[in-house]
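Which chain is which? The protein sequence lines are A and B, in order. Our numbering applies: residue 5 is where the first sequence begins, and numbers increase by one. Our numbering applies: residue 1353 is where the second sequence begins, and numbers increase by one.
I should point out that these hints are in silico values taken from the structure, not numbers from a laboratory. Each residue gets a CB set at the ideal place from its N, CA and C atoms; glycine is no exception. Mixed in with the good hints there might be a few duds.
[To be verified] Keeping only pairs whose Cα atoms sit at most 25 Å apart, straight-line, the calculated SDA-like set for lysine to any residue is:
no., chain 1, residue 1, chain 2, residue 2
1, B, K1630, B, P1561
2, A, K233, A, F76
3, B, K1978, B, T2120
4, A, K234, B, N1840
5, B, K2168, B, T2120
6, A, K126, B, V1600
7, A, K150, B, T1570
8, A, K126, B, N1560
9, A, K257, A, Q115
10, A, K233, B, H1844
11, A, K33, A, D97
12, A, K150, B, D1715
13, A, K150, B, T1522
14, B, K1369, B, Q1569
15, A, K173, B, K2168
16, B, K1846, A, V121
17, A, K198, B, N1840
18, B, K1878, B, L2031
19, B, K1369, B, V1600
20, A, K257, B, G1387
21, A, K150, A, D213
22, A, K33, A, F76
23, A, K173, B, N1560
24, B, K1846, A, P199
25, B, K1585, B, G1387
26, A, K234, B, Q1768
27, B, K1738, B, T1570
28, B, K1660, B, E1643
29, A, K234, B, G1387
30, A, K33, A, M88
[What the hints assert, rightly or not] Per label pair, the in silico range of CB-to-CB distance:
no., chain 1, residue 1, chain 2, residue 2, range
31, A, A176, B, I2113, 54 to 60 Å
32, A, A101, B, I2113, 35 to 41 Å
33, A, A81, B, K2134, 37 to 43 Å
34, A, S99, B, I2113, 41 to 47 Å
35, B, I2165, A, A81, 47 to 53 Å
36, A, K257, B, E1656, 50 to 56 Å
37, A, A176, B, T1761, 32 to 38 Å
38, A, K257, B, K1415, 47 to 53 Å
39, A, E85, B, R2099, 32 to 38 Å
40, A, H277, B, T1761, 48 to 54 Å
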Amino acid sequence: MQDQLNALVAEAQTNAHALAVRADFESFKARFVGPNGSLTQAMKGMGTLPKEQKPVVGKLINEAKQKLEAIFATCLAIIEEKEMAQRLGNPVDPSLASPDAPSGTRHPLAQMREEIVSIFRKIGFTIAEGSEVETEWHVFDALNTKPDHPARDLQDTYYFPDRDWVNVKAHADERYLLRTHTSSVQIRTLLAEKPPLRIISPGRCFRRDTVDATHSSNFHQVEGLYIDKKVTVKDLKAVLDYFFRELLGPDAKTRFRPHFFPYTEPSFEVDFHSAHLAKLGKQWVEIMGCGMVDPEVFKNVGYDPEQWSGFAFGMGIERIAMIVYGIDDIRYFYQNDLRFLRQF
Amino acid sequence: MKLSLQWLQRYVNLSAKSVQQIEEALTLIGFEVEGVEHKGLPVLENVQVGEVVEFQKHPNADKLRLCKVKTHPNEEPRTIVCGASNFAAGDRVIVALPGAALPTKDGNPFHIKISKIRGQESLGMMCSASELGLAETSDGILILTTRPEVGTSINSVFSGNDTIFDIEVTPNRPDCLSHLGMARELAAYFDLPLTPPQTPHTCEISGNPLLSSVDLQTATCPLYYAFSICGVKIAESPAWLKDALQAVGLRPINNVVDATNYILHECGQPLHAFDAGKIRGGKLIVRQAAEGEKITTLDGKVRELTAKMAVIADAERPLVIAGVMGSLDAEVDANTTDIVLEAAWFVPSDIRWTSRRLALSSDSAYRFERGVDAHATESAALRCVKIILETAGGAVSGNKLQQGQLPQTPTPITVQPSFFREYCGFGPDDATVQAVLARLSLSIQPTSNGWLVTPPPYRRDLERPVDLVEEFLRIYGTDRIPESDVVNRGIHRKDAPIAVFNSLAANLLQSKRFNECVHYSLRDGKEIEQWFGAELASALKLTNPLASDQSHLRPSLIPGLLDALRHNRSHGNDVRALFETGRVFRKRPTDEGSLWELASVACVLLPQTDSRHWLQREKPDLFTMKGLMIELLETAGVHIENPIFEPLHETSLWQERHSAQTGDITQEGYEINLGTLNLRMLKAWGLEMPVLAGELLITPAFFDKNRSRVKFQPYGTQPASVRDLALIVDRWQPAESVRGELDGFARKAVGSAFSVESVDIFDLYEGTGLPEGKKSLALSMKFRASDRTLKDEEVNTVFETIQKLIAAESTYIVRK
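This is chain A alone, in the form it adopts within the complex:
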């Protein structure tokens, strides 16, 4: 009996390594432990043995069974390994480039806009949006711009023939135009909402300029408006200083240059100073306009200037992007060359 079992184990041992696929393995396994397998037969033969031999033979059979199972397990592991290798295919060469397109990009103007907006969000400003098609009252009159101000000329501002713009509400029957600044968003927000207000309005504006290295028929602005009780010039400076330090670094130096805008009094242009620009022969570069909201503007939107005060500021996104990224021609932004877009 023992010899018979040894031979059986030896046979399994010898033939097991030749097995390559799972089906062969299963039939091989059945040859020993299947219903008609040799080990099964041996176990069945146990019944005919005298009682005293049973424990001895039983032990032998058990030992043989354990050996077989070990052989089967090893064999199966090898087969599984092979199967997995097959499923994976050939080994890869990781040095090959991915055939997928390079990552997508956000436009530098969009990145700059979001950066500016996110700075102001941190100090409690929220975004306000308005339409690009606007009316003369919202772009000029409400902002205290005199009826014969040159900015209203056909030479400088794009107008529309008399048409009905259903989602751009006019004040009376004034002309429709393409907004020349996003200040119209301030007016619409002041009219629609209640103070205190702290809004930032990024958006596209239009001026009737011939396209060249520094001019574009449309461009983008970010304007801010801060309305509360007892707002001061000092508050204006605090907010803008915060912004410039966030945008340009803690060493950013700015100066307020008195200027004139119809909608603010006092008004300032803000210049910023950079060692990088000094090399180009320019010490100070204009970066933004700002000022305290003119009492006339408050009156135009039905606010009491004795009760409410505030400031407004506005900057060109193209201009800031050009300074920050060192771009010398505004037309790059609108050409959409991938060699440009992928740099940012």
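We have chain A; now place chain B onto it with these hints.
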């Protein structure tokens, strides 16, 4: 505006200030300096007149001379090595002594030091004209033939140096459009005394006026003076007058015209001199022009006037377009002997209108349209008379003729002294504020009601307390506004949802490897006509386009993206997927003629690109675009599991049968168009390849809807049962309608027993084995009960009922 430093110095002594300090001052008080130009010789220290006493050849160099040069009357001559040979002993020359810094073209000064040249010590340099910046090139050193005294500073020899500031004067400050005006500002800023030009109050008069009358007939001219001067001799102006005008870029003409121009740039009052002999009928009439009346202006052009314009005319014809420009008809010329000098004040807006309408600007119009100080008009005229008498001779003839009245002086402003501190947010005391305002000639009278501040007559821009705050800050110094921290109260307000959406959409598309583009909103009308039809094109045309390729508003972002595809392909860039977000403009479908502005996100995707890779990826197709656009719609807050897309018909933008549309812009506030763009149109565009595109249009009002918070729906733990079947349907039958119908049958069959969780299409087959014009759709139905595991039998019963319903209620055939 050009500002001469020498000219300014006549009214304020700026000699202690450097050019840089003045430039900075101008900038900080609100006059942006656009350029600084130096004329003549800059101020040079240690550069002076010397005399060559003797010279000999340099012992160690053939081409050099060893010179003895006397540079100070009481000092011994010094040794200077010189390379020039154009001088002789006894010549007076310019010597730069050690310590001098000569100007150079690159801006870095050339410092003169004691040096050794070929073994000989040289104690200075004899200069050529080009070394001093007096000439572009020069041959040899400069010999001073006028023989100034030895030791004289070069700046005394070559006077006439000047610095010209080109400044921007904001429209609220017409009082600064002159040298006197700017001198006032600088005097205030530097706190220096101002010495205004001396003006005679009267002048000696003989005889009678040259005119019988001045007839004032128009409200455009509230005030008019005419002075008569007889016996002038027209000639070239004296050097001081010519230099002054040339310094600010004017061409001298003759002594009379130059005198008027001088006054304009001195105190900002435009004046006009007529040749009295050319005034017909002996009088001047200030009147509205007749419609169509013609005048030949001094620039030689014939101008046709309208009745809204004012003219100064004689009895027969217009001689001057009021406030703007004179005509050739009454021009002062070489033969003029008698002149009439006009000094007037015109209503700014009328002059602005006329100047714009005629597209004719002049130094006069520029000042009148911004506002001239009428209270200084007469004194300016008297000063001009004085200069004319001095430079052209003649005598004032008769009294001045005057018509009209002076306007009111500015109204005093009542302001609380504390207002300055409250508005500025920092604490200059009353005395400081008062002192600063006084420097600007604002008179302050304390009253029980606060301060009564009276601006000078030329400051008509000062009307309210806030205007005074600006004046205070300008002169006090904006650099003294203290720094502080941002202190805010919380405000309940949300970001505009459209901005949030645009940003999310852009980030989504970026993550899908799209490149964001930005194109102009204005496009070519012809292109819009081709893509979107003539009706929309004509609706989107601007009144006043500047260029034909930017004449219309864009109705879609797609043409711009095609431009970018074409640009990148023609430049050899591997372009594949582009997108843009922005506003587009359309006709509102529901009502005739009205337009609206919509927000849009659009993308283009090339199914095939030129780039080759070692590994091929599956090509994108319409369904790639569909998936993407549905994701965008989700981002916009529209959650529809399977929005129904209908084929697009009759469009020149999209390829028929390869494009689709969903949503309804008027009803639902959004719309999606997607698919392959019209191949014929693409070819015309220079893109001979299929282009997949998608655009989402959204009305801004779409986001106004209140979005409620999601409420959690509990779900069961019971397993689902699935049954599949295949249906043979007409080839053009939209699969979604088949799916929808089957979904209906399933619900009907299930009733309330349990629920139909989903019905999905999982296979599509067209081809052999099917009848002509048919296709086969394989669908999978998922059933679930919330309270139990479904038994096979009950699902089978439902499945059979469904098949019966299909047979009875539809034309579909269940494929066995």
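Legend entry - Earlier hints that do not hold, by number: 2, 3, 6, 8, 11, 14, 15, 23, 25, 27, 29, 39 and 40
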